[in-house]
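J.: Residue numbers (my numbering), protein chains in the order written: chain A, 1013 to 1155; chain B, 1013 to 1155.
Just so you know, the hints here were simulated from the structure itself, not pulled from any lab data. Predicted model only: the values in this text are computed from it and were never measured. We treat Cβ as the ideally placed atom computed from N, Cα and C, and that holds for glycine. Treat the hints loosely; a few may be bogus.
Have a look at the derived ranges for each label pair, beta carbon to beta carbon [what the hints assert, rightly or not]:
| id | chain 1 | residue 1 | chain 2 | residue 2 | range |
| --- | --- | --- | --- | --- | --- |
| 1 | A | GLU1138 | B | ALA1118 | 49 to 57 Å |
| 2 | B | THR1147 | A | GLY1097 | 40 to 48 Å |
| 3 | B | GLY1111 | A | LEU1123 | 49 to 57 Å |
| 4 | A | GLU1138 | B | GLU1052 | 39 to 47 Å |
| 5 | A | ALA1133 | B | ALA1118 | 31 to 39 Å |
| 6 | B | ALA1154 | A | TRP1093 | 43 to 51 Å |
| 7 | B | GLU1091 | A | ALA1118 | 18 to 26 Å |
| 8 | B | GLU1091 | A | ALA1090 | 28 to 36 Å |
| 9 | A | ARG1119 | B | GLY1111 | 29 to 37 Å |
| 10 | B | LEU1123 | A | ALA1135 | 39 to 47 Å |
| 11 | B | GLY1153 | A | GLU1138 | 15 to 23 Å |
| 12 | A | ALA1090 | B | ASP1050 | 37 to 45 Å |
| 13 | A | GLU1138 | B | TRP1152 | 38 to 46 Å |
| 14 | A | LEU1070 | B | GLY1036 | 46 to 54 Å |
2 protein chains.
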Amino acid sequence: MEIDQSTRDFIRDHRVARLATADGDGRPTVIPICYVFDGEHIYSPIDEKPKQVAPRRLKRVRNIETNPHVALVIDDYAEDWTTLGYVLISGLAEILLPGDHASEHARAVTLLRDKYPQYLAMAIDERMMIKLTPTRIKRWGAQ
Amino acid sequence: MEIDQSTRDFIRDHRVARLATADGDGRPTVIPICYVFDGEHIYSPIDEKPKQVAPRRLKRVRNIETNPHVALVIDDYAEDWTTLGYVLISGLAEILLPGDHASEHARAVTLLRDKYPQYLAMAIDERMMIKLTPTRIKRWGAQ
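With the rest of the complex left out, here is chain A (with noise of 0.2 Å):
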């Protein structure tokens, strides 16, 4: 979908965001993530430790599995209300594993570091990521 200049620069210019997933039953979850948008596209790695929980196990990526629509929330709050806005992202979300989709898997692991230096410690590359392309962006307030 086309995404105009301003909202993209505030998606990419953004260090987290809010990803709503929901499971079979509609039952709705939301976690944290940090993320990558690349005009198109949008990726978050699952950077869990897999000792900790299986990726595969984790309530978002078996909800993706399950139904693959997904929302997303950029915002930032301040005391200042004339000042908050958001941008909202629905659209539908896969899991790419290592060495999907050709080189896409590598390409976002890439733009994940550059964004992240903090990915650079972690083996993203060897985890599942979380691709979502938008089919619906909503625009919000001041930003």
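Following the hints, complete the assembly by docking chain B onto the known chain A.
T.: Positioned in the frame of chain A, the structure of chain B alone reads:
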């Protein structure tokens, strides 16, 4: 449900949360909200000006009326990822109207205006309010 003191404090002390709801087809949406927590329930006013969009038509209100399952995440982002953490509240939401449940709506308005002086200038006493009853609380990370 029982909520320990440090989790209560974390919820109470934060100024913004992100609320995920889902429609009857299980499609989620998510927005930033202001809220108060009285130790048992979470209240968030519908503060859009009625002339912009009729409150009943707001997506989150329609979703809650169709599907009361909601999720709320409260977190801070920081570049030092060792400090990251969140509280994820899953629960059931309902819409309170002014005058509902004896003084419950009015009490929530008072709590909201104590927490956010910004609401003193807004007619939240005349608007709908979202009431969230937690059924499950998950803590993750450093908080």
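J.: Hint by hint, note whether the structure agrees.
T.: Outcome of the hint check:
no. : hint                              : verdict
1   : A:GLU1138 / B:ALA1118: 49 to 57 Å : holds, 55 Å
2   : B:THR1147 / A:GLY1097: 40 to 48 Å : violated, 31 Å
3   : B:GLY1111 / A:LEU1123: 49 to 57 Å : holds, 52 Å
4   : A:GLU1138 / B:GLU1052: 39 to 47 Å : holds, 43 Å
5   : A:ALA1133 / B:ALA1118: 31 to 39 Å : violated, 52 Å
6   : B:ALA1154 / A:TRP1093: 43 to 51 Å : violated, 29 Å
7   : B:GLU1091 / A:ALA1118: 18 to 26 Å : holds, 25 Å
8   : B:GLU1091 / A:ALA1090: 28 to 36 Å : violated, 19 Å
9   : A:ARG1119 / B:GLY1111: 29 to 37 Å : violated, 56 Å
10  : B:LEU1123 / A:ALA1135: 39 to 47 Å : holds, 45 Å
11  : B:GLY1153 / A:GLU1138: 15 to 23 Å : holds, 22 Å
12  : A:ALA1090 / B:ASP1050: 37 to 45 Å : violated, 25 Å
13  : A:GLU1138 / B:TRP1152: 38 to 46 Å : violated, 22 Å
14  : A:LEU1070 / B:GLY1036: 46 to 54 Å : violated, 26 Å
Of the numbered hints stated above, those contradicted by the structure are hints 2, 5, 6, 8, 9, 12, 13 and 14, listed in ascending order.
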